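Chemist: Construct the complete structure from the given sequences, taking the supplied hints into account.
Under my numbering, the sequence shown has 135 at position 135, and the numbering climbs by one with no breaks.
No lab work stands behind these hints, which were simulated from the structure alone.
Please read these numbers as outputs of a predicted model, since none were measured by experiment.
Just so you know, nobody snuck in bad clues.
No more than 27 Å apart at the CA atoms, straight line, and that leaves these computed lysine-lysine pairs for BS3-like: (1) Lys57 to Lys112; (2) Lys196 to Lys144; (3) Lys186 to Lys144; (4) Lys144 to Lys112.
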Amino acid sequence: MKANYTMDALGLRTREDLGNSSYITYTYDATTRWLTGVYNQTSTPTLISSFAYTHDKVGNRTTMTELNGGTSGAFTYTYNANYRLITETLVSGGTTLRTDYYYDEPGNRIQKNSTVNGITNYAYNNANQCISWTDASGICYLDKYNGAGNLITETNTATGVMQEWGYDYENHQTVYSTTGTSATYKIDAMGRRISKTVNGTTEYYFYDGANVFYDIFGPNSYRVYITAGLGCIITCRTASAVS
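Modeler: Quick look at the structure:
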């Protein structure tokens, strides 16, 4: 499958042509260049889905109107004086769903109150690191960090299941493990991830400077990327190699 990207003079993506002849167009505010719309269409063209956005004066997203097939939804977002999200509301099909967010003095989110998922509470240490959070069902998760501030474990206190992360001396993630999943990552001297192995399956990444131009993600399968400007991908081709 091949995808081609069209950019404007400022390097913003304006169109994405997909391998199945459908395409996506992107629109931006003429002054701020903030994203205002994403439209996914067939080749005829028939609209598949669309997303329209508005923003406040500092660039925070204030509304998103979604049309996906026969379903539509209107999202609104409000912020406090420090530009932190405090409410998220969705109106769809006559139903209103709302999520409220609460913060402590340093700005850490201490509670999320959702009409769908209930209340989630968060606790922090003196370094403003989240050390525990409790979901609506009352299950508590405990987080631990290393001396560099990297998250190293998260434990579900109800089941005992633990997630673990490991890092190299430059704080690049090199290991992840949990029940049923084991992953390792290799980093080169420039700090670029050159391979990822998950449960014995390895994906390799090859670079042109800072940009990935080729990756192998399975037996005889690969992706080729062509980039332009500041690393913007203009073509991505996924294919199977002939052995």
